[in-house]
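Visitor: What follows is the residue order along each chain.
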Amino acid sequence: MPDTIDLTLCVNDERFAVRVPPVRTLAEVLRADLGLTGTKVGCGEGECGACSVLLDGTLVNSCLVLAAECDGAAVTTIEGLARDGQLHPIQEAFVRNGAVQCGFCTPGMILAAYGLLSENPSPTEDDVRRGLEGNLCRCTGYRKIMDAVLDLAASGLDLAVKGDRVPQEGGRNG
Amino acid sequence: MVDLIGKRVPKLDAPEKAMGASRYVQDIELPRMVHGKILYAGRPHARIVSIDTAKARALQGVRAVITGADLPATPFGFGKDNFALKADRVTCCRDEVAAVAADSPEIAEEACGLIEVEYEDLPAVFTAEDALADDAPVIHEQWPNNVRVDYNYSHGALADGEAESDVVVEGTFELQRVTHGCIGPCGIIAEFDSTGRLTVHSLTQVPFLYRNDLAKIVGMPAESIRIKQTAICGGFGSKLDIYPYDPICVFLARASGRPVRLLFDREEEFFASPFRQPATIKMRSGVKKDGTLTFRDVDLLLDNGGRTSWGATTPWIMIRSFSSLYRVPHVKVFGRVVYTNNPYAGAFRGYGNPQATLAIESQIDEMAEALGVDPLELRLKNSLESGETTGQGMKITSCGQAECLENAAKLSGWEEKRAALPAAAEGESRVKRGIGMASLFHVGGGAKIYRSDGCGTILKIDDFGRVTLISGSSEIGQGSETVLALIAAKELGLPLESIHVINNDTDLTPWDVGVHASRTTFIAGNSALRAARTAREKILTAAAKLFDRPADEMELADGNVVMAPTGEVLGSIPKVIRSLHFSGKHEMVVTSDYYEPPSKSEDAEFKGNISPTYSFATQVAEVSVDLDTGVVRLERLTSSFDVGKVINQLAIEGQVEGGVLQGMGYALSEDMKFAEGKLLNPNFTDYKMPTTTDLPELINDFVETGDPDGPYGAKGIGEAPLIPVAAAIANAVYHATGVRFRELPLTPEKVFAKLREAQALREAQTLPTAAPGQGEAK
Chain A
156 MPDTIDLTLC VNDERFAVRV PPVRTLAEVL RADLGLTGTK VGCGEGECGA
206 CSVLLDGTLV NSCLVLAAEC DGAAVTTIEG LARDGQLHPI QEAFVRNGAV
256 QCGFCTPGMI LAAYGLLSEN PSPTEDDVRR GLEGNLCRCT GYRKIMDAVL
306 DLAASGLDLA VKGDRVPQEG GRNG
Chain B
7 MVDLIGKRVP KLDAPEKAMG ASRYVQDIEL PRMVHGKILY AGRPHARIVS
57 IDTAKARALQ GVRAVITGAD LPATPFGFGK DNFALKADRV TCCRDEVAAV
107 AADSPEIAEE ACGLIEVEYE DLPAVFTAED ALADDAPVIH EQWPNNVRVD
157 YNYSHGALAD GEAESDVVVE GTFELQRVTH GCIGPCGIIA EFDSTGRLTV
207 HSLTQVPFLY RNDLAKIVGM PAESIRIKQT AICGGFGSKL DIYPYDPICV
257 FLARASGRPV RLLFDREEEF FASPFRQPAT IKMRSGVKKD GTLTFRDVDL
307 LLDNGGRTSW GATTPWIMIR SFSSLYRVPH VKVFGRVVYT NNPYAGAFRG
357 YGNPQATLAI ESQIDEMAEA LGVDPLELRL KNSLESGETT GQGMKITSCG
407 QAECLENAAK LSGWEEKRAA LPAAAEGESR VKRGIGMASL FHVGGGAKIY
457 RSDGCGTILK IDDFGRVTLI SGSSEIGQGS ETVLALIAAK ELGLPLESIH
507 VINNDTDLTP WDVGVHASRT TFIAGNSALR AARTAREKIL TAAAKLFDRP
557 ADEMELADGN VVMAPTGEVL GSIPKVIRSL HFSGKHEMVV TSDYYEPPSK
607 SEDAEFKGNI SPTYSFATQV AEVSVDLDTG VVRLERLTSS FDVGKVINQL
657 AIEGQVEGGV LQGMGYALSE DMKFAEGKLL NPNFTDYKMP TTTDLPELIN
707 DFVETGDPDG PYGAKGIGEA PLIPVAAAIA NAVYHATGVR FRELPLTPEK
757 VFAKLREAQA LREAQTLPTA APGQGEAK
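These protein sequences, in sequence, are chains A and B.
Per the working numbering, residue 156 is the first one in the first sequence, and the count goes up by one each step.
Per the working numbering, residue 7 is the first one in the second sequence, and the count goes up by one each step.
Careful: at least some of the hints might be erroneous.
What the hints assert, rightly or not - In silico SDA-like links for lysine to any residue, alpha-carbon gap of 20 Å or less:
| # | chain 1 | residue 1 | chain 2 | residue 2 |
| --- | --- | --- | --- | --- |
| 1 | B | K13 | A | G289 |
| 2 | B | K694 | A | E247 |
| 3 | B | K694 | A | R285 |
| 4 | B | K694 | A | G289 |
| 5 | B | K694 | A | E288 |
| 6 | B | K13 | A | E247 |
In short, the hints are calculated from the structure, not lab data.
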């Protein structure tokens, strides 16, 4: 196994080249190599969902994904949602509905909600329950998080952000 | 101007948190920072024969290795029986024996693995009952019978209470250990500056007490230590004490000459953090035929673990509910907190109250059934009232107990469901439904366990009308920052956006006792209110001079000084402040306030008015029980809380909903499982916290009794929502099944087994179809 590997990542529509040890996870690369500390690590075992990000548009626990698997991939983290200091409508909905307390689960929860709404723009309450089941929150009791997601779904706003899908050129491993 | 008090106001720090921009301890990097790691004993009771750190020290990238022998032997914690690193003996698996600072967390971990510790294992004991046996191993020599603390409380005369009773019920309740489950694990950064001054980036929820404790342990004057709280990734009481990792990190920083960051991983967060105090509660309760409660006789046995943190003091809070949850003329509580070789408990939201409330409220229901009255009626008959002093000397200044009972019953459809559901339960369905209630009594404005239970505020308004409100209180996610800003905005007639709260740096903030005992809204809120009122008076006095109008006819609104009767705008608040700066006596608008609540420390008999106000609430749980699988689901939970006055509707709902889900986890699924003192389930797969799929329907009601001393009448809510949940669920499960559970959590295995046992018992006795109560298995 080589000591390090070279990767190209497209994170929040911005390209990065990194050289990392092969065992480094995507969460570690985002936080330590790119300084994107909005991605939180609550367990490192894929159980709490705090590290949720979108990898080529699919929700993953970034603590369980090796960075080496992500060469050429598009990653959306919490830092990619707000643009020009303006909250993304999902972030806005979380704030407005009181879905944030200590805030540690919040970035992952928002990404999970974003992933859910990207696939299903009009979820039922049950869809939201199942969609967020992998994300633990200990402060809010989930009600206000559910409210935020349902509130947003009802608004019919376009949620897409730039760069959360496979980029046109390059593409995964390309 | 819109009055925001009581409205739905988003937390001020929510946008930053929603953008992932808040900095938690894991997100802070300092130049030359190295990484700390702790080596734990991993065995429950042993003598340390020798520690060889040579191999660890030789590892490249290791900057410091420390053991107990390198440190001053300064005991700390409530029982003064804990040490940063244990030099001679370990008394539980989580005991810390050595620590490393290295260039990376990986090197630090590898170095810990190279430390060679030779132990001589000693006989160990794992239950409080076993630890009381004559031949039990002695865990700390100063306490030869292993009893670390005992509690003796009484009011009235128990014998009289027993003599008056027509019905007496008794039972033993077993409460398990549960973890706080903060989504962000613990961590700390310690750095010394060039002058030797120490800055600690900490998650503590009690910064000033923590600083004092840390100073003693690391042998520095407290004034040489600055505590800066990072964004706090979950508190719930877990950060109420100082724990060994705090001074260990400081010692590593001292030994390595570098800033050191020490972060827990999830497994450590589970096994090396305090948990909710487990308890065995043996209790008898009595009542007269007319429904008047007569007595409670309680025997508490608490497993202290191998060291003593705040868990050992939870009987203080339990006693308050035993004595004063409803009016009971004769109460006796005897409690013992006993050393074992298990890990130890700390503070957890509600302190000992969820434990005590389960026992009290289960027996209220049992007595109601024996008397043939509705449990609601029995509770109403014995409710406290405003103006009375309880048997323990607590003065009830505002009391919504009866109203909470009535509201929760009405909103949940209590009367109809209580009558209908047992009938439905006799059908063929494998799913039975039930409804049960429980209430609570809790401090609502702190608890005077120190000489002061106060909080300080410094408030500054600059020449552009920006307010800097510096409060001793801490924001741990609960929303106190926003509550304080709302209060200041209202008093000063300024928009909420003008208020900037600083609450996380002991070099700036005035004294406070910390986030506990549901005290922040009441105490920090009053302090902020009074500081803001002083500033307001100062502005109005200056405005009177500037605009030549009577001060008592002006008010502050929308950033201006206006005439109260007409609303005529005289000028902006910044203009008045500039007039103070530039003319006359050349003054600033900087005010300060130290608010000390009108509470008293309790006396040697545990009596006294420990809090300036008390909280009341009732919760009604509706459950379904699957008889084939034993699965209990909380379908709906209705809460009615006497909060005095709602300051922020959005935040208070969040406090209730979060507390309810924690209480539900306590009741139904959460259980730290130990074998020989070792935690078996240190992860979120094997330790089941509620998720979105478990979320019940939640109905929240707030009763505004208007406390005479609270800010705008408010009292505390922080801990209350968790407290009665388990008791309400247990009562609902009884209503559904006729089987009383006195042991938590109500897991499918446990419920299934006990339902079967009860059924077998019924069949053996060839009783007719069981009505609730007859099927009870004891």
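Visitor: Are the hints correct? Go through all of them and say.
Guide: Verification of the supplied hints:
Only pairs whose Cα atoms come within 20 Å are accepted, and K13 of chain B paired with G289 of chain A is rejected, the gap being roughly 32 Å. Among the hinted pairs, K694 of chain B with E247 of chain A is inconsistent with the structure: their alpha-carbon atoms are about 30 Å apart, more than 20 Å. The hinted pair formed by K694 of chain B and R285 of chain A meets the criterion: a straight-line CA distance of about 16 Å does not exceed 20 Å. At most 20 Å may separate the alpha-carbon atoms for a hinted pair to count; K694 of chain B and G289 of chain A meet this at roughly 12 Å.
Between K694 of chain B and E288 of chain A, the direct Cα distance comes to roughly 12 Å. Compliance with the 20 Å bound is thereby established for this hinted pair. For the proposed pair K13 of chain B and E247 of chain A, the alpha carbon gap of about 18 Å is at most 20 Å, so the pair holds.
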